[in-house]
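Going down the list, the sequences are from chains A and B.
Note that the working numbering has the first sequence beginning at 1, numbered continuously upward.
Note that the working numbering has the second sequence beginning at 100, numbered continuously upward.
Note that these hints are calculated values from the structure, not bench results.
Since this is a predicted model, take the numbers as computed values, not measurements.
Watch out, some of these pointers could steer you wrong.
As the list claims (entries may be wrong) - Here are the computed lysine-lysine pairs in the DSBU-like style, where the Cα-Cα straight-line distance is at most 35 Å: (1) 287/B to 318/B; (2) 156/B to 82/A; (3) 15/A to 256/B; (4) 167/B to 322/B; (5) 96/A to 168/B.
Stated by the list, open to error - In silico negatives: residues of chain B with every beta carbon more than 12 Å from chain A: (6) 198; (7) 212; (8) 262.
From the three backbone atoms N, C-alpha and C, an ideal C-beta is built for every residue, glycine too.
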Amino acid sequence: MTREEINQVVAETFKQVITDNEKSFDGELTPDVAIMGLDSPFDSVDLVTFIVALEQTLEDDWNVSVILADDRAMSQSVSPFKTVGSISDYIEMLVKENK
Amino acid sequence: MNTKGVMLITGTRKGIGYELATHYAGNGYTVIGCSRGESSLTMENYFHYVLDITDEKSVRSMFGDIRKKYGRLDVLINNAAINQTLSPAILVSLSAAENTMRTNFLGSFLMAREGVKIMMKNSFGRIINMGSMAVKHEEKGEAIYTASKAAVIAFTKVLAKEVYDYGITCNVVSPSAIQTDMLEPIDKEALQQVLKRNAIPELGTAAELIHTLNWLIDKDSNKITGQNIYLGGV
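Next comes chain A alone, as it looks inside the complex (with noise of 0.2 Å):
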């Protein structure tokens, strides 16, 4: 799975989480983009269905099964949920590992 096929993937989780929980972004969705926090377009139950819908994609379709929200996850300097960018950096890194 590449960068490209990952940044896809993360890109159309978010545009879909976004539409089924009727939440409003119209910016360009940038690696910038937080996902966290108050700057974020999510509340913490969007965030967590965008997690969970990104491991169950990332099984689906790439048969990649990673929980995102793993020890090492938690203790990072850095949370990888931050924002669009952090959480594809740590997929490609799982995926990496997965391999």
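Starting from the known structure of chain A, fit chain B onto it as the hints suggest.
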């Protein structure tokens, strides 16, 4: 799919789990059961997984199967439990205490964590964890088992708050003692003394448990969550 819903019950090889699986598979539910051993239960609507509920990889694999096959999970009943620590706490080995906590508490946590991930997609779910009258009675010789069930209750109450927005309720049902193999090592006289502390001083039944579960599972029970319900007048 012609079914009342998809239900997952842990610890279905024997005892209460077996009774529950038989009842619900015979009453329109698609029931998935699991235990560390093969099941003798053969019913059209019953599917069994042999696994250890504390083995994360096996548990995730089972939930992956459920998601792909059914796309839903309506009810999770965390029934599997062990009691390997029936003695004064100062005589309980660390490994026996760890095993009890792992199965009774961490197993329930793991199943609930993965269960919620499927339930939230359909904005509906019922998680019912089995508690015990031991938590109320605080009997000597049951320290670790009691602590494991107290952990289940506390966990359930917090989880209920975390998942309510997804249409999922979480409750504990704490029955009085029901005749299963888990009661065999318990001294009968001592058990009678404990039962006398209940408003109903006799063994509980699977029927009264099922009656309570049916009420909690009902779609109209969507505002009953974070509760620990004692049976038998405990």
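* To do: Below or equal to 35 Å on CA atoms is what counts here, so check residue 15/A against residue 256/B.
  => holds (32 Å)
* To do: Assess, step by step, whether the Cα of residue 156/B is no farther than 35 Å from the Cα of residue 82/A, and give holds or violated.
  => holds (27 Å)
* To do: Beyond 12 Å from every chain A Cβ: check whether that's true for residue 212/B.
  => violated (9 Å)
* **Distance rule for residue 262/B, whose beta carbon must clear each one in chain A by more than 12 Å** => violated (9 Å)
* Asked: Given the hint that residue 287/B pairs with residue 318/B, does the C-alpha gap stay at or below 35 Å?
  -> violated (40 Å)
* **Agreement of residue 167/B and residue 322/B with the hint, judged by alpha carbon distance not exceeding 35 Å** => At roughly 29 Å apart (the allowed maximum being 35 Å), residue 322/B and residue 167/B satisfy the hint.
* Beyond 12 Å from each Cβ of chain A, as asserted for residue 198/B -> holds (22 Å)
* **Hinted pair residue 96/A and residue 168/B, Cα distance within 35 Å** => Given pair residue 96/A, residue 168/B holds - Cα atoms ~28 Å apart, limit 35 Å.
Hints 1, 7, 8 from the earlier list are contradicted by this structure; the remaining hints agree with it.
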